[in-house]
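Chains as they are written, first to last, in my numbering: chain A, 246 to 735; chain B, 42 to 495.
Worth flagging that the hints you see were computed from the coordinates, not collected in a lab. The structure presented is a predicted model; accordingly, all values stated were derived computationally and were not measured. Honestly, I wouldn't trust all of these hints.
What the hints assert, rightly or not - As a list, the in silico PhoX-like pairs of lysine-lysine whose alpha-carbon atoms are at most 20 Å apart: (1) A:LYS477 - B:LYS192; (2) B:LYS194 - B:LYS370; (3) A:LYS727 - B:LYS76; (4) A:LYS368 - B:LYS76.
To be verified - Partner residues are not named here, just some residues of chain B that face chain A (Cβ under 8 Å, in silico): (5) GLU102; (6) GLN219; (7) ASP220; (8) LEU223; (9) PRO227; (10) ALA232; (11) GLN353; (12) ASN378; (13) GLN379; (14) GLY394; (15) ARG448; (16) LYS452.
What the hints assert, rightly or not - Label pairs and their calculated CB-CB ranges: (17) B:ASP238 - A:GLU448: 54 to 60 Å; (18) B:ARG367 - A:ASN658: 48 to 54 Å; (19) A:ILE559 - B:GLU423: 33 to 39 Å; (20) B:MET42 - A:GLU552: 36 to 42 Å; (21) A:LEU669 - B:GLU49: 35 to 41 Å; (22) A:ALA474 - B:ASP69: 39 to 45 Å.
Every residue, glycine too, gets a C-beta built ideally from N, C-alpha and C.
Here's the letter readout for the chains.
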Amino acid sequence: MSNETTLIFQHSRPGRSATAQAPKPVSEDQLSAIPASLRRKNKPGLPEVGELEVVRHYTNLSTKNFAIDKQFYPLGSCTMKYNPRGANRAAMLPGFLNRHPLAPASHSQGYLACLYELQNFLKEVTGMKGVSLAPMAGAQGEFAGVAMIRAYHEARGDDGRTEILIPEAAHGTNPATAVMCGYKVREVPVGKDGDVDLEALKEACGPQTAGLMMTNPSTCGVFERQIEAISKAVHDAGGLLYYDGANLNAILGKVRPGDMGFDVIHMNLHKTFATPHGGGGPGAGPVGVSQRLLDYLPTPMAGLDEESGDYHWIDTDTLPTSIGHLSAFMGNAGVLLRAYFYAMVLGREGMIRVGEYSTLAANYLLKRLEAIGCQAAYPDRRASHEFILTFAKLAKDQHVTALDIAKRLLDYNQHAPTIYFPLLVPECFLIEPTETETKEAMDDFIDAMAKILEEANTDPDTVTQAPFTQPVRRLDDVKAAKELDLVWGE
Amino acid sequence: MPYIPHTEDDVQAMLAAIGADSIEQLFDEIPAHLKAGHSLDALPEGRGEMAVTRLMAERAEQDRFALSFIGGGAYAHHIPAAVWEIATRGEYYTAYTPYQAEASQGTLQVIYEYQTLIARLTAMDVSNASVYDGASGLAEAVLMSLRANRKSKSRKVLVPDALNPRYRGACDAIVRNQDVELVSVPFCNDAGQTLVDGLKEHEGQDYAALVISQPNYFGSLEDVDALTDWAHANGQLVIAVVNPTSLALLTPPGEWGADGEGADIVVGEGQPLGVPLSSGGPYFGFMACKKKHVRQMPGRIIGRTVDMEGKQGFTLTLQAREQHIRRSKATSNICTNQGLAMTAATIYVSLLGPDGLASVAGHCHANTQKLADKLCALDGVERAFSAPVFHEVALTLPQDADTVLARLAEKDILGGLSLAKDYSMKNAILVNSTEVHTEGDLDLFAQALKEVLA
Numbered sequence: 246m247s248n249e250t251t252l253i254f255q256h257s258r259p260g261r262s263a264t265a266q267a268p269k270p271v272s273e274d275q276l277s278a279i280p281a282s283l284r285r286k287n288k289p290g291l292p293e294v295g296e297l298e299v300v301r302h303y304t305n306l307s308t309k310n311f312a313i314d315k316q317f318y319p320l321g322s323c324t325m326k327y328n329p330r331g332a333n334r335a336a337m338l339p340g341f342l343n344r345h346p347l348a349p350a351s352h353s354q355g356y357l358a359c360l361y362e363l364q365n366f367l368k369e370v371t372g373m374k375g376v377s378l379a380p381m382a383g384a385q386g387e388f389a390g391v392a393m394i395r396a397y398h399e400a401r402g403d404d405g406r407t408e409i410l411i412p413e414a415a416h417g418t419n420p421a422t423a424v425m426c427g428y429k430v431r432e433v434p435v436g437k438d439g440d441v442d443l444e445a446l447k448e449a450c451g452p453q454t455a456g457l458m459m460t461n462p463s464t465c466g467v468f469e470r471q472i473e474a475i476s477k478a479v480h481d482a483g484g485l486l487y488y489d490g491a492n493l494n495a496i497l498g499k500v501r502p503g504d505m506g507f508d509v510i511h512m513n514l515h516k517t518f519a520t521p522h523g524g525g526g527p528g529a530g531p532v533g534v535s536q537r538l539l540d541y542l543p544t545p546m547a548g549l550d551e552e553s554g555d556y557h558w559i560d561t562d563t564l565p566t567s568i569g570h571l572s573a574f575m576g577n578a579g580v581l582l583r584a585y586f587y588a589m590v591l592g593r594e595g596m597i598r599v600g601e602y603s604t605l606a607a608n609y610l611l612k613r614l615e616a617i618g619c620q621a622a623y624p625d626r627r628a629s630h631e632f633i634l635t636f637a638k639l640a641k642d643q644h645v646t647a648l649d650i651a652k653r654l655l656d657y658n659q660h661a662p663t664i665y666f667p668l669l670v671p672e673c674f675l676i677e678p679t680e681t682e683t684k685e686a687m688d689d690f691i692d693a694m695a696k697i698l699e700e701a702n703t704d705p706d707t708v709t710q711a712p713f714t715q716p717v718r719r720l721d722d723v724k725a726a727k728e729l730d731l732v733w734g735e
Numbered sequence: 042m043p044y045i046p047h048t049e050d051d052v053q054a055m056l057a058a059i060g061a062d063s064i065e066q067l068f069d070e071i072p073a074h075l076k077a078g079h080s081l082d083a084l085p086e087g088r089g090e091m092a093v094t095r096l097m098a099e100r101a102e103q104d105r106f107a108l109s110f111i112g113g114g115a116y117a118h119h120i121p122a123a124v125w126e127i128a129t130r131g132e133y134y135t136a137y138t139p140y141q142a143e144a145s146q147g148t149l150q151v152i153y154e155y156q157t158l159i160a161r162l163t164a165m166d167v168s169n170a171s172v173y174d175g176a177s178g179l180a181e182a183v184l185m186s187l188r189a190n191r192k193s194k195s196r197k198v199l200v201p202d203a204l205n206p207r208y209r210g211a212c213d214a215i216v217r218n219q220d221v222e223l224v225s226v227p228f229c230n231d232a233g234q235t236l237v238d239g240l241k242e243h244e245g246q247d248y249a250a251l252v253i254s255q256p257n258y259f260g261s262l263e264d265v266d267a268l269t270d271w272a273h274a275n276g277q278l279v280i281a282v283v284n285p286t287s288l289a290l291l292t293p294p295g296e297w298g299a300d301g302e303g304a305d306i307v308v309g310e311g312q313p314l315g316v317p318l319s320s321g322g323p324y325f326g327f328m329a330c331k332k333k334h335v336r337q338m339p340g341r342i343i344g345r346t347v348d349m350e351g352k353q354g355f356t357l358t359l360q361a362r363e364q365h366i367r368r369s370k371a372t373s374n375i376c377t378n379q380g381l382a383m384t385a386a387t388i389y390v391s392l393l394g395p396d397g398l399a400s401v402a403g404h405c406h407a408n409t410q411k412l413a414d415k416l417c418a419l420d421g422v423e424r425a426f427s428a429p430v431f432h433e434v435a436l437t438l439p440q441d442a443d444t445v446l447a448r449l450a451e452k453d454i455l456g457g458l459s460l461a462k463d464y465s466m467k468n469a470i471l472v473n474s475t476e477v478h479t480e481g482d483l484d485l486f487a488q489a490l491k492e493v494l495a
């Protein structure tokens with residue numbers, strides 16, 4: 246690991262540059278058409294460094310990251326599975342990379358063919374009637390989904406529907422999205438077994454209900470067993486059912502959201518379809534819909550003229566009821582190509598295996614962790630592709646928290662699981678091993694957890710002061726928020 | 042099994058530890074009739090990397106072209122080899138959101154450097170870690186202006202017709218559900234600019250903000266100082282939409298206005314900074330603002346701090362604005378940033394430096410001027426507007442623009458964008474040139490257009 250702590254700006258020397266990279270300067274004459282009043286007076290303070298220094302700086306910085314390519318990364322609800330290198334190479338083929346988003350269809354047939362097939366692929370695995378690949382991330386897929394629900398009610402003149410129901414364990418994006426779509430949020434409680442409180446849900450449903458947003462398997466890491474009753478209650482009240490695809494990996498090839506009664510879903514291709522997370526993005530959040538929402542799908546979409554065999558764009562001129570474009574062009578196009586590659590390599594059999602083996606891995610890890618003394622949040626339930634542990638007792642007895650254990654895991658070269666989510670389980674870990682990890686990798690994680698639990702009892706400071714082996718120790722977050730330093734040398 | 046490592050022995054050992062007889066048994070909480078009824082028949086058999094790569098390589102080859110002069114918000118630039126060689130290192134490519142700061146100092150420091158680069162390029166105080174793209178970034182800026190402009194109670198924002206119509210469309214699709222209205226501002230038909238005269242009718246009315254695009258969709262340079270001062274005099278915030286390459290040459294939005302008061306929020310498409318055209322994404326939207334508005338800014342923000350031993354470190358900060366903490370009261374539902382594209386941009390800008398970027402911007406401008414001159418030398422071709430341009434220019438043709446562009450495409454030349462649909466300018470096209478074009482490329486375009494018009 247590198248000790249690089251200097252900023253790129255500190256490497257800067259006036260007059261130094263990567264001279265191979267820029268064309269020779271143009272003369273002032275050639276800029277004379279730009280009025281002097283619009284010209285920049287002072288050179289921007291960008292770094293002036295040579296090419297090797299840039300390469301070395303960013304290579305050294307990269308080594309300070311944990312990553313799937315380096316470590317087991319069981320971040321619950323994020324599906325940190327292997328990102329095939331082949332998908333990256335295919336998406337970066339020059340023909341794809343150089344294609345302008347507004348190139349005419351005559352020069353886009355290869356790209357359109359991939360998108361068209363991916364749309365059909367996603368339709369089949371989710372059991373929906375139509376798919377748009379346009380949304381750029383899960384949260385934008387959610388936005389598209391709820392905006393379609395709103396468009397549907399409005400088109401029917403059904404404008405008294407002002408509320409979206411959301412189980413209390415939901416991702417924060419769900420309520421934030423409902424508000425962005427102009428709805429009020431009503432939370433529905435979750436029972437002790439991790440399932441939605443059905444009676445409370447029935448009471449909450451009414452003529453004001455626009456829809457329900459839920460994840461299944463839920464954010465509690467268990468399959469919502471009453472899904473059909475929930476679907477009926479919401480539909481009977483005139484609302485629509487939204488499926489948050491964050492946990493689609495758990496049931497891929499096993500159960501389809503369309504068959505469960507959902508009207509609209511979004512998928513996270515950066516989770517289920519193995520596209521990279523890139524240090525926080527880009528993602529892609531395609532949406533799928535049932536028959537009654539087909540007219541509202543976001544554009545553009547890929548279409549095929551069966552007779553000529555030519556592909557074309559479906560846009561708002563041919564689908565005027567669409568909720569419209571959510572980006573300037575075609576969403577995160579390159580991410581879609583990576584997902585297409587992955588889907589083609591897996592095929593039918595491979596898709597079914599994703600749900601099976603991610604569920605196998607999670608249940609194995611859960612049982613083994615319980616055996617070494619970890620407390621499951623829902624011990625009587627099957628794990629889906631992820632599960633929750635709670636360290637509430639340890640926090641009370643030894644003052645060792647879930648955060649402490651997470652930090653200590655880093656010292657054992659294991660990325661920490663998601664912590665403190667969902668909010669309703671105290672001192673929790675949400676753990677998702679994915680289908681691409683070996684049994685040995687999971688066993689190493691179990692060994693690390695066993696050692697940490699022992700340390701928590703015999704030498705708690707080792708845990709509460711961790712990490713010791715990373716480029717920095719625990720950071721002062723209060724100082725970061727109070728004495729805002731967001732820009733160098735301000 | 043592609044990407045699944047388990048042997049039959051592994052599977053048996055794991056099932057034994059679970060106490061289950063089969064994998065199927067692990068799904069016993071799912072109602073049986075939900076599982077039956079489909080076998081994914083429409084899906085093809087899986088194929089290996091070699092076969093899928095070959096298929097995709099053939100498809101990619103289909104989309105090749107000889108020459109392109111299409112801009113419209115995405116621009117072809119030289120991208121140094123080092124940019125993506127480094128950005129696709131597994132340590133950047135396969136990491137996630139830096140929630141565990143101690144194990145993410147690489148990504149966190151890159152974002153801090155990126156925020157600094159954007160702040161310096163735009164001459165603004167602070168930047169976030171990026172949003173999805175320029176158009177959705179504008180929607181976020183519009184929503185932000187409603188929160189940040191405390192003097193205004195309005196849910197209306199003034200948006201020039203000369204703004205990229207795709208930005209307007211996406212922005213409207215995103216904000217309209219919250220009863221936000223985008224009020225249109227006309228442009229001058231001769232100059233192709235948004236004039237203060239065109240704003241007069243809105244004087245004395247309450248709007249949260251004015252959007253100013255520099256350059257505008259026609260490539261025209263706006264009188265940003267006059268527009269900024271008008272907006273501020275009327276109690277509005279200024280949302281600048283800018284091209285990042287141009288900022289090496291043009292007055293940065295942080296200094297707009299006669300007295301340099303500057304724009305309040307700045308957004309733009311980051312693609313020109315080292316991100317390939319790639320059919321429209323992944324790109325990244327950059328977003329910067331004045332310090333006093335930082336708590337209203339959506340998206341991730343990284344701060345510099347110290348660890349428990351006093352050593353410098355970087356961490357996510359001001360998270361109380363975000364959806365995972367504030368839920369329904371968050372500034373936005375945005376969760377991700379465009380980390381990888383933003384990392385590439387940081388490397389790109391570091392390689393070019395201030396002089397390199399100015400040189401790229403200079404060549405874009407000079408080539409576009411040259412191209413306009415060469416095309417306007419043809420009979421019946423002339424500039425549509427009189428305003429000076431940066432690196433894109435609207436031209437009127439003696440014939441129907443859509444037909445001409447289709448015939449150029451038959452010659453494998455993508456000759457720009459038609460302005461027929463968006464502006465009812467039936468004979469007008471929008472062309473762009475950057476540093477990637479040689480004099481010979483410009484001549485080929487002129488020759489082809491001459492043949493098509495003949």
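Checked hints:
{"no.": "1", "hint": "A:LYS477 - B:LYS192", "result": "47 Å, violated"}
{"no.": "2", "hint": "B:LYS194 - B:LYS370", "result": "19 Å, holds"}
{"no.": "3", "hint": "A:LYS727 - B:LYS76", "result": "52 Å, violated"}
{"no.": "4", "hint": "A:LYS368 - B:LYS76", "result": "17 Å, holds"}
{"no.": "5", "hint": "GLU102", "result": "5 Å, holds"}
{"no.": "6", "hint": "GLN219", "result": "5 Å, holds"}
{"no.": "7", "hint": "ASP220", "result": "7 Å, holds"}
{"no.": "8", "hint": "LEU223", "result": "13 Å, violated"}
{"no.": "9", "hint": "PRO227", "result": "22 Å, violated"}
{"no.": "10", "hint": "ALA232", "result": "13 Å, violated"}
{"no.": "11", "hint": "GLN353", "result": "6 Å, holds"}
{"no.": "12", "hint": "ASN378", "result": "5 Å, holds"}
{"no.": "13", "hint": "GLN379", "result": "5 Å, holds"}
{"no.": "14", "hint": "GLY394", "result": "4 Å, holds"}
{"no.": "15", "hint": "ARG448", "result": "11 Å, violated"}
{"no.": "16", "hint": "LYS452", "result": "11 Å, violated"}
{"no.": "17", "hint": "B:ASP238 - A:GLU448: 54 to 60 Å", "result": "59 Å, holds"}
{"no.": "18", "hint": "B:ARG367 - A:ASN658: 48 to 54 Å", "result": "34 Å, violated"}
{"no.": "19", "hint": "A:ILE559 - B:GLU423: 33 to 39 Å", "result": "35 Å, holds"}
{"no.": "20", "hint": "B:MET42 - A:GLU552: 36 to 42 Å", "result": "39 Å, holds"}
{"no.": "21", "hint": "A:LEU669 - B:GLU49: 35 to 41 Å", "result": "39 Å, holds"}
{"no.": "22", "hint": "A:ALA474 - B:ASP69: 39 to 45 Å", "result": "19 Å, violated"}
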